[in-house]
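Chemist: Here the sequence shown is numbered in UniProt numbering, starting from 1 and rising by one per residue.
I should point out that these hints are in silico values taken from the structure, not numbers from a laboratory.
Errors might be hidden in some of the hints.
[To be verified] What follows is a list of derived Cβ distance ranges for each label pair:
1. Ile246 - Val304: 34 to 44 Å
2. Asn392 - Asp549: 51 to 61 Å
3. Val309 - Gln267: 14 to 24 Å
4. Lys162 - Gln513: 50 to 60 Å
5. Glu350 - Val510: 31 to 41 Å
6. Lys524 - Asn363: 33 to 43 Å
7. Val381 - Thr211: 52 to 62 Å
8. Thr61 - Asn363: 33 to 43 Å
9. Arg373 - Thr518: 28 to 38 Å
10. Ser99 - Arg385: 39 to 49 Å
For glycine and all other residues, C-beta sits at the position ideal for the given N, C-alpha and C.
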Amino acid sequence: MVILAAIIYWLLICASLHCDVYYLIFQTVILIYITGVHHLLCLINNVSSGLQLQSITKSITNVEAPIKEKYGRNIILGTHKEGGAVTFWSHAVSLPLSSNAILSWKFCHVVHKLLRDGHPNVSHTASIRQMGTLWGNLHDRYGHIVALYAKLLCIKIDFHLKVSLIFYCIFDQINTALVSRRDGSVCIINMSFFLNAVFRQMECSSTSSTTPVGQCRLAPLVLVIQDCGLLYHFLVKLLFKLHSRIPVDALLGHRERFREQFNSLTQFFERARGMEFFKSIIQIPDLPDEPPNFLRAASLADHVKPMVVQNETFPDYDETDTQLDFETEADTLRKELEVVKPELELIKVEAQRAVVQLKSQVNKLESELEDQRTHKQMALVENERLRMEVENLRAQTAVAASIQATVEDAGRAQTAQIHFTRLKEKHAELVSRHADLMRKNAEMVKQLSSTQQAQEELLTYKQQMAVEVEQLRQDNSSKVTLHSFMFMIPQLNALKLVNTAGDELSSVLVGLQAEKETLLRTVKDQEAEIASLRQAAQLHQTTLQQERDRHQREMTALQNQLQEKLSLDSGLLQQKLQDEQFSLLQCAVVEAEGIVLDAVAKVDDPLHVRCISTPDYLINRAELTLASIDKMQQSQAAYLRNMDDASGLLRSVTQFSHLIADTIVNGAGTAHSAPTDQADRLTDNCRDCATHCLQYLKELKLKATLPRADPTAVRYVVQRILNQGQDLLPRGADVRKEELAEMVDKEMAATSTAIEDAVLRMDEILSQARRDSSGVKLEVNQKLAIHMLVTAATDLQREIVDNGRGAGSVKDFYAKNSRWTEGLISASKAVGWGATQMLESADKVVTDRGKYEELIVCSHEIAASTAQLVAASKVKADRGNKKLQTLQQASRHVNDMAAVVVSSTKSGQMQIENKNSMDFSGLSLIKLKTEEMDSQVKVLELEKQLVNERIRLGELRKKHYEMGGIPMDSPPGNTVNIKPPQNQTLADIRDHSEVKYRFKIITRYSLTAMILFLKSNRCTAMTLNTDI
């Protein structure tokens, strides 16, 4: 430019010399300068537009990453340079916003930037609202927030338009100010919805604010935060202004809404302040703890405008600045034109190919449309058939209603249900078919939209190519002019060549323009065909919708009729079911009354006097009866809540009747074996129980008295029967718990005394046996064992009493464990009785009046009683107690002594039997046969006696178990006389004295073992007494 100014200055000097040649050159230079400046400005504008298009392309992409600030600044500067957003919107029209949600999200972000910092003439509400409506109907991860963002931008544009008008009139009217306040509130509310939706989606997808995905979603919120601060300040000042003009009461709703908006804005600022993304970009202002008090005008002075400060440092451009090369020769322009020509040829080929593809798509759409028409005809035929079926069903229902009686209501309901199910299935089939048709229609519309979009892209591409050709032409002119200007006169010929090339380029452009018009006409024809297809599709969709509505109305009417019929039938059936259930209940109650009456008849029946029951069984029956009464009450309450099901009450009535009858009969049977007074009271209670039970069952039979039927009286009488049964129990009933300790001491002392007496008596018997049979040496070493047992029993007694009774006395210990004490008393009595019985048996054996079997049985009995005592001691003693182990060793020693007695007895018996063998040498054949027959007869008799005795033994044990711990009186001794066998020979009789001698020897061995056994048993009893 300095050189150009110097040349002009030099030419002006030459012109002042009135030189014609230089004057002509000056005029030429001035003309060239003016043309060059014009072309230079055009080139600069083209460069700016290219840079803006490049920034738009790089900003609005489908990559899920935030927009770079440098691209946003280029777009904003471009709008200010060109005085609007024509370039932006011309490029935005070609963007596939309807196919990519991320693209739409970034598009909204760029539009928001332009609305804040761009040229004022950038609004384009229609396209934004259309895009928001589209994405609001689709379910996409960005779709919902894109729809909210688009809605927010539209509201923002409308708000700015209204606010500009409002500020133009400077709030001359109160209504205008109220409108501004309402619009500002709406804008803040929508901002809150938008922010909450973005945060909620990030929480659902677990996206971090430090990732590119999270920053892509959070980047637009920076602009929203800036808008919120300004809107908050605007609303505060506006509300103070309104409070100065309007009464306070009239603005109550405005204050409440502002408080809600203030709270939501505070929460959002707190939430955004905690995110790392916002910390690195902006400084979010702090709002006051409470909203301003608009009732005080002085509060306006305390209000501080919230300022949102941006911390981001803008990076420098990484692109090199665009420099204009004014020294390019014309050859370069020709080469560029040669490059453009093949591209134009490719554009033509692609356009023809696109036309062919569009035609094929149109043919395909026509075939699909024909298929849809066919499906429509089939649907109409199916609808007609369904309508005929519905009419037939109505006719059949009317005929069936006039013919069939009320008994067949259930059948008709079932038939109607079946038909309703069929209609429901047909309706579902029609709905599915309609959905398929709608889906195909949507696909067809989508294909049409894609076709239209492809046409628009082709048209846009053509426009861009035309613009580029025009730019190339302008660049050619400007470059040639500048080149000529720099080289002055010698380069004028080159300028003519450039003009010639420009003419050629113009002719090429004319040809391209003609081809463009041809393509446009083709596209219009295709658009007309597409419009006709779209209209046909809409007509078809409308027809299908009408058919669907008609079928829906018919189905609704049929469903209402069927529902009324079912409700009526269900009411009748429910009443019938309740009547049948109550009839079953009455039958069950009548049967229960019969069972109770039969039980009462047995009480008064003379034949029942022989039937005897035990108090234990009566207590068991009474307890079960009480449980059945509770269950009866629960079942009765359940039946009153739901009278359609009486199964639970029927089971309870049956069980209750049987149990109450058992209680009455067993009560009468127990009274037969009870004392007179107790028997009379028990019988009277049984009769009272039957009376109250019958009264309760009578109330259950009637619907009027069923709700107030109460078995309390029955429960009271059964409880009395249970108490009387417990009073009749024989086990420990006459002994109080306080007397158990004394009773245990007495029984244990009596047992110890009995054992000592038995030992002394056994010593006498042994001494007598020694005097009778000298020469037999017995080793008696029981003194040491007895001393050890007595010492262990004493130590165990002290330890268990000290540890067991605690802070209480011995009587308290026995009263606390009464049941265990009763078992212990029974065991001690059994031990004492066993010792006495063994003494008597030994005396009989020594005096030849007893049997060896009596000694064996007594030994087994004492061993069992000793085991029972040891088991009772183990209940109260610690498992690891050493003294308990000593007691167990003593018990094992007792068992060993019992085994010695049994083995000695059996050995002596075997010696006698061997000695008592018969001699058959002097018998004849007939005599042997006679004795064989006598022996067989005796064997049969003995086997029969054995069977009878075993039966008797089983009965005795059974009775003993039933009595369960009742003290047993010593049964009378069985005197068994040892008689020689009937079939003994004379030799056997002669040797009888020798057998008797051997019997006495064996008896002494047995008595010695018995003495040890008894002394060990006495020590065990003493140990157990000490343990207690």
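Chemist: If a hint holds in the structure, say so; if it does not, say that too.
Modeler: Here is what the structure says about each hint:
no. : hint                        : verdict
1   : Ile246 - Val304: 34 to 44 Å : 25 Å, violated
2   : Asn392 - Asp549: 51 to 61 Å : 23 Å, violated
3   : Val309 - Gln267: 14 to 24 Å : 21 Å, holds
4   : Lys162 - Gln513: 50 to 60 Å : 45 Å, violated
5   : Glu350 - Val510: 31 to 41 Å : 21 Å, violated
6   : Lys524 - Asn363: 33 to 43 Å : 19 Å, violated
7   : Val381 - Thr211: 52 to 62 Å : 58 Å, holds
8   : Thr61 - Asn363: 33 to 43 Å  : 35 Å, holds
9   : Arg373 - Thr518: 28 to 38 Å : 34 Å, holds
10  : Ser99 - Arg385: 39 to 49 Å  : 42 Å, holds
Hint check: violations occur at hints 1, 2, 4, 5, 6; the rest are consistent with the structure.
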